[in-house]
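**Q** With the sequences and hints as input, model every part of the structure.
Residues 160 to 654 in this note's numbering are what the sequence shown lists, from first letter to last.
If you are wondering where the hints come from, they were derived from the structure by calculation, not from laboratory data.
Some hints here could point you the wrong way.
[Stated by the list, open to error] The following label-pair restraints were derived from C-beta to C-beta distances:
1. T568 - E627: 35 to 43 Å
2. G534 - K588: 16 to 24 Å
3. L216 - N260: 45 to 53 Å
4. N423 - I455: 25 to 33 Å
5. E395 - Y439: 16 to 24 Å
6. E395 - Q171: 29 to 37 Å
7. S526 - G420: 33 to 41 Å
8. K510 - S616: 14 to 22 Å
9. D422 - Y379: 42 to 50 Å
10. N335 - Y439: 51 to 59 Å
11. E378 - D578: 13 to 21 Å
12. S536 - Y441: 27 to 35 Å
13. Y379 - S536: 29 to 37 Å
14. Q390 - G486: 14 to 22 Å
[Claimed, not checked] Straight-line distance between alpha carbons at most 27 Å, and here's what the computed DSS-like set of lysine-lysine pairs gives:
15. K396 - K362
16. K285 - K328
17. K635 - K647
18. K166 - K622
19. K585 - K622
20. K622 - K609
21. K198 - K217
22. K530 - K569
23. K469 - K609
24. K506 - K549
25. K175 - K530
26. K510 - K609
27. K590 - K549
28. K647 - K622
29. K585 - K550
30. K550 - K584
31. K573 - K549
32. K175 - K217
33. K635 - K557
34. K362 - K328
35. K396 - K452
36. K268 - K510
37. K362 - K609
38. K647 - K557
39. K198 - K248
40. K550 - K506
Yeah, the Cβ is synthetic: ideal placement off N, Cα and C, and Gly gets one too.
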Amino acid sequence: MLDAELKAKINQLWDKFWSGGISNPIVAIEQMSYLIFMKRLEDEDNKREQSAQLSRLKYQSLFKGKEDCKWSVWTKMSADKILDHVRDKVFPFLRTIGSENSMYQQYMKDAVFVIPTSSLLIESVKLINEMHIKEQNRDTKGDIYEYLLSELTTAGKNGQFRTPRHIIKMMTELVNPQIGENVCDPACGTAGFLITALEHILKNNTSRGRIRVDDEGNEYNFVGDKLTNAQWQLLEKETLYGFDIDHTMVRIALMNLMMHGIDNPTVCQMNTLSKRFEQYSYYDVILANPPFKGSIDESDLSDSFIVHTKKTELLFLELMYNLLSNGGRCAVIVPEGVLFGNSNAHKNIRKLLLEECRLDAIISMPSGVFKPYAGVSTGILVFTKGETTKKVWFYEMKSDGFTLDDKRTKIDGKGDIPDIINTFKKRKKEKYEDRTSRCFLVPIEEIREKDYDLSISKYKEIKYEKIEYEKPEVIKEKITKIENEIIKALNTLEI
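**A** Okay, here's the thing in structure tokens:
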């Protein structure tokens, strides 16, 4: 969504932090988040003030009595004053905004501003100002922050990385969240799935004439002009729910959602597998890429689980089933082993998804999708709670639009994704019987016979072409003839 110049400036910002002594990517992201958030805060306050004036309504600025906390004020301060002012005045103010009992205030209580020098602060401010001037020309919201967060994938330290944005978008298209439905990610990280669900709903409620397209064909400017005031209230307050075990990631997720227009987001620090988390069947849509490798104290494991295992990838699947309301839809990324593992826990979780849900799709992804930080083969499960499976739609993704090596160079950024979305939508109308093709349907009876194995290789047929080889004496004769022609040609050369 961002052009090369904007991306270059974000990369410069990363470089400034590295050279300024902040080398941990999570700490760097957090500190950059605070700065971008400070800039956004004044921009949004100005917009609301202008809107109130046009409507002849009264408006009290967020900065009333704290005018020196405005970005436009403190960024003009001299080098000997700016760092102390931000650390001692602006940052404490930042921790207090929002309603008194909001999630934001709760998780900002122990936030710390650790930018060490005035020079790093001033250089960062300069780059952020340049980025926002250019971004405003495109009339986007949150794209800079989204690209900044995407750089966590290349950093990939401490096991912290994000699901590729194009994969998130594909999964969101498959479950198709609507206005009035609530969306949950029980391991939300930086809130990538929640942001994409928000954008998906806004896009479906934006007039075509308002949507814009960038040079690469990506749509943006989803303003949601078709939504009523009541629907906006619903979207902002009762639609998006996230949970994560990491305190810092929760803080980043909260700021991410607020920068995308959700003033009081519902994101909590919580181990959703533990006894402390109550598993209500409440959510209409679940989108997630939960931790594949994780450990949990067995004594702290929720009593709601019926599948006996300590494997987090299996526990999260049962958790999502438990959290879905009847008719609720889920799209989740799982390691390939979940599809064919032969332990009782593996079989029981697959049986649960097939017999107590309608398992709509299994999309097998190539192993390079999560490189450079993980080479494991993965799949996407799409299921609907409360119906019995009749047929499962399998799709073998060959490309996601990027190279599958560590560099993950862009090819077209799409690969098989448009075809996956289109054929998924047509799966009930088409037969998809050819098992030599990239997608096909398998009846539940056959899956039961194969002990609930869900690996695509178990059902895909490989088409072999018979090749007729020439007899050895014929090949020998051809070789001899070629050799004689070469010798004849050499003899005619003048030396």
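**Q** Now look at each hint and say whether the structure bears it out.
**A** Hints, one by one, checked against the model:
no.: 1; hint: T568 - E627: 35 to 43 Å; in the structure: holds (40 Å)
no.: 2; hint: G534 - K588: 16 to 24 Å; in the structure: violated (37 Å)
no.: 3; hint: L216 - N260: 45 to 53 Å; in the structure: violated (26 Å)
no.: 4; hint: N423 - I455: 25 to 33 Å; in the structure: holds (30 Å)
no.: 5; hint: E395 - Y439: 16 to 24 Å; in the structure: holds (22 Å)
no.: 6; hint: E395 - Q171: 29 to 37 Å; in the structure: holds (34 Å)
no.: 7; hint: S526 - G420: 33 to 41 Å; in the structure: holds (37 Å)
no.: 8; hint: K510 - S616: 14 to 22 Å; in the structure: holds (20 Å)
no.: 9; hint: D422 - Y379: 42 to 50 Å; in the structure: violated (21 Å)
no.: 10; hint: N335 - Y439: 51 to 59 Å; in the structure: violated (23 Å)
no.: 11; hint: E378 - D578: 13 to 21 Å; in the structure: holds (19 Å)
no.: 12; hint: S536 - Y441: 27 to 35 Å; in the structure: holds (32 Å)
no.: 13; hint: Y379 - S536: 29 to 37 Å; in the structure: holds (33 Å)
no.: 14; hint: Q390 - G486: 14 to 22 Å; in the structure: holds (21 Å)
no.: 15; hint: K396 - K362; in the structure: holds (18 Å)
no.: 16; hint: K285 - K328; in the structure: violated (32 Å)
no.: 17; hint: K635 - K647; in the structure: holds (18 Å)
no.: 18; hint: K166 - K622; in the structure: violated (45 Å)
no.: 19; hint: K585 - K622; in the structure: holds (25 Å)
no.: 20; hint: K622 - K609; in the structure: holds (22 Å)
no.: 21; hint: K198 - K217; in the structure: holds (23 Å)
no.: 22; hint: K530 - K569; in the structure: holds (13 Å)
no.: 23; hint: K469 - K609; in the structure: holds (25 Å)
no.: 24; hint: K506 - K549; in the structure: holds (18 Å)
no.: 25; hint: K175 - K530; in the structure: holds (26 Å)
no.: 26; hint: K510 - K609; in the structure: holds (12 Å)
no.: 27; hint: K590 - K549; in the structure: holds (13 Å)
no.: 28; hint: K647 - K622; in the structure: violated (45 Å)
no.: 29; hint: K585 - K550; in the structure: holds (14 Å)
no.: 30; hint: K550 - K584; in the structure: holds (14 Å)
no.: 31; hint: K573 - K549; in the structure: violated (30 Å)
no.: 32; hint: K175 - K217; in the structure: violated (42 Å)
no.: 33; hint: K635 - K557; in the structure: violated (40 Å)
no.: 34; hint: K362 - K328; in the structure: holds (12 Å)
no.: 35; hint: K396 - K452; in the structure: violated (33 Å)
no.: 36; hint: K268 - K510; in the structure: violated (44 Å)
no.: 37; hint: K362 - K609; in the structure: violated (42 Å)
no.: 38; hint: K647 - K557; in the structure: violated (49 Å)
no.: 39; hint: K198 - K248; in the structure: holds (15 Å)
no.: 40; hint: K550 - K506; in the structure: holds (18 Å)
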